[in-house]
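Given next are the chains, with one letter for each unit.
2 protein chains.
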Amino acid sequence: MVQVHKAEEIIQAEVRDFGTESVPFEQALGRVLAEELKADRDMPPYNRVAMDGIAFRYEALEQGIKTFKIKATQAAGDRPVEIESAEECIEIMTGAALPASADTVVRYEDLEIQDGKATVLTDEVSKGQNIHAQGKDKKQDEAVALANQVVTPALIGVAAAVGASQLQVKMLPRVVVISTGDELVKIEETPLPYQIRRSNSYTIKAALETYGVQADLLHIPDDIATMKRQLNNCLQQYDVLILSGGISMGKFDYVPQVLEELEVIKLFHKVKQRPGKPFWFGKHAQGALAFALPGNPVSTFMCFHRYFLPWLEASLGAGPKRKAYAVLTKDLTFNPPLQYFLQVNLSQNEQGQMLATPQEGNGSGDFANLVEADAFLELPAEQTNFKQGEVYQVWPFKQLV
Amino acid sequence: MVQVHKAEEIIQAEVRDFGTESVPFEQALGRVLAEELKADRDMPPYNRVAMDGIAFRYEALEQGIKTFKIKATQAAGDRPVEIESAEECIEIMTGAALPASADTVVRYEDLEIQDGKATVLTDEVSKGQNIHAQGKDKKQDEAVALANQVVTPALIGVAAAVGASQLQVKMLPRVVVISTGDELVKIEETPLPYQIRRSNSYTIKAALETYGVQADLLHIPDDIATMKRQLNNCLQQYDVLILSGGISMGKFDYVPQVLEELEVIKLFHKVKQRPGKPFWFGKHAQGALAFALPGNPVSTFMCFHRYFLPWLEASLGAGPKRKAYAVLTKDLTFNPPLQYFLQVNLSQNEQGQMLATPQEGNGSGDFANLVEADAFLELPAEQTNFKQGEVYQVWPFKQLV
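Chains A and B are the protein sequences, given in the same order.
In terms of this note's numbering, the first sequence is residues 1104 to 1504.
In terms of this note's numbering, the second sequence is residues 1104 to 1504.
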């Protein structure tokens, strides 16, 4: 039996690198960027007009000129039209490239335009105004996005802007989610009075989807020979096996035994925590990892979020995420010398503090409660009394806002 | 020109209902549940054994019996085996249905088993222990998930457990994302010195994907006749048009004019905010809505998050989300009488407070900055000086943790 931080340390020591692959940028959302994206040109690539109006030379104002002959109209996307004297201006639109012969833009709101001439109505004009200077945001070849971050919608827009139609992203592990337990029947079946339907695998598969991981599902009966044959196949075909059930003291809890017979080295069995105590973790000689989680749905869910996802994020190079903290809103006593993962609802107070309010529930067995909860609050094993107002680490499993 | 809260109010008055549809539960992640899910049986459906060990009658202990004859072994999924006397027990596994003739379970750790007999080694046994009672979590027909919530991995697991292989979810609007501006070229093209690549549409399309919305993309040139024909088609075919660009004072900013000619009633034009001031919003006689956002990428992005997404969430019945707040970490002055949406990074301090640290940037034009920022902090128009330690509403566009 290991402590939570030790289990975490052992798992994080088994971080893997699954390599990189190239994907069309539009399909990269949620993946981890594996290259530095660079500006292919300055950003903006030209002195970009930032207001609709006229462009002219600032020296004209210094010479007392306030009315300009409109030489031409230049839309965004037009080749710049040069002026040839201080008396001329170009009527010019937002997004257009400033002509090299002009240096200042006055917006329509500060102009009067009549008979092909524009008169500046304001005295408050400064040289270079209303121009977003070439290269001000980024210089050519400067990084616009660093590697090892999750591809967001904003990053996809920036990739488009720099013409990165393909992105190098981290490859994802091949994952199989395995349920065990002869009491489990298929979703479409009507269970007998002493059976229940499978559910853990679907929860895990769905949670993996948000990372782009398309996991396979497998159910293995509580039969040593079958289990051995099937797990052996899985160890060859997958990078990660996420199992649920079959790891406790029961007579038919064959998972640890079979994994060890298949040369999966046990790295720990049992963690000082509730829920999730029976958690078994090991690695195969050829590299595959086995996260054998307890079959209780809340235990499975907690271990998946507390251990597997941080491992996945680290393996993809995008971890660890920033830790999150919340204030406990109610006094609480928990006596067993176990790290306690409390189901909580999150909210914020007027000071912008994150608050964690314990869910009323039936303990770790009640997984219907998870639908309403937002997070697990992690309460240290060394402590028994937890007071309102104390701050603890929190593991959200819903988007906070 | 309207204030931010007024713009929000006008948009929220145009919330739509797109109806419901049935989807396989495994494909429902991220959709909004449109039905109440009910327990098809009690949860647990039987008195569920919660520890591996033996099951017997508690009265046996009261009669001084500590050693029980093991009548049978019952695995999870087995039909319950009844005992016939107080001297008998069933060796029984976690997840099994407790036989009606037994009422108490003692775990292996507190037993000695020899020669077909099990002896209870502890004095601390209470009647009914280690049993997760039938119906304790939910009664048959009780709600396990309420309507109008986003389908999470946990909800998918619960749907599996109650056999809901199809889920009623809210239908999504048909959305087209339209870019305008003749300076914009395709991603795979090398822009001329006075051109740039399209990017806004890809950002918005990606952001919509996280809601399950598969938007179409369209680019319309700055030509009134073409624009009119294409927008007219869009108004017939889509529920929502999200446009970027073409709504300012420029000579070729035809979008508002063309929309109004096509009987899209203007509900507002211009909002007292930076970025995003030129935002135009209207509705077509036949129902379609036009969110005509400014073409500047940061403006587009801000308006999309501040106005479109809350409208979408409300239209799907899953809004409004809880507001989020953060503490400003630096003094700041902003003089214009506009609501200021500041790009910030979010973090937490030891009190669990959310902190908003302004991004160093080049103002609203620098959209490469959005890759590194986490949120917009909304600073009220009525105020000029914003002090470190003050709390303001925040609009995150990255997952916070």
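Because the hints were derived from the structure by calculation, they are not lab data.
Some hints could be false.
[As the list claims (entries may be wrong)] Derived pair list, reagent style DSSO-like, types lysine-lysine, alpha-carbon separation capped at 27 angstroms:
1. B/1354 to A/1169
2. A/1239 to B/1141
3. B/1354 to A/1433
4. B/1141 to A/1289
5. A/1424 to B/1501
6. B/1230 to A/1501
7. A/1289 to B/1239
8. B/1174 to A/1426
9. A/1501 to B/1424
10. B/1380 to A/1230
11. B/1239 to A/1424
12. A/1380 to B/1230
13. B/1424 to A/1230
14. B/1375 to A/1354
15. B/1380 to A/1239
16. A/1242 to B/1501
17. B/1169 to A/1433
18. A/1426 to B/1380
19. A/1354 to B/1433
20. A/1174 to B/1369
21. A/1220 to B/1426
22. A/1354 to B/1501
A quick look at each hint next to the structure:
no.	hint	result
1	B/1354 to A/1169	holds, 22 angstroms
2	A/1239 to B/1141	violated, 58 angstroms
3	B/1354 to A/1433	violated, 62 angstroms
4	B/1141 to A/1289	holds, 18 angstroms
5	A/1424 to B/1501	holds, 12 angstroms
6	B/1230 to A/1501	violated, 38 angstroms
7	A/1289 to B/1239	holds, 23 angstroms
8	B/1174 to A/1426	violated, 52 angstroms
9	A/1501 to B/1424	holds, 12 angstroms
10	B/1380 to A/1230	holds, 24 angstroms
11	B/1239 to A/1424	violated, 37 angstroms
12	A/1380 to B/1230	holds, 24 angstroms
13	B/1424 to A/1230	violated, 45 angstroms
14	B/1375 to A/1354	violated, 70 angstroms
15	B/1380 to A/1239	holds, 22 angstroms
16	A/1242 to B/1501	holds, 26 angstroms
17	B/1169 to A/1433	violated, 41 angstroms
18	A/1426 to B/1380	violated, 36 angstroms
19	A/1354 to B/1433	violated, 62 angstroms
20	A/1174 to B/1369	violated, 35 angstroms
21	A/1220 to B/1426	violated, 51 angstroms
22	A/1354 to B/1501	violated, 47 angstroms
Violated hints, listed in ascending order, are 2, 3, 6, 8, 11, 13, 14, 17, 18, 19, 20, 21 and 22; each of the other numbered hints is respected by the structure.
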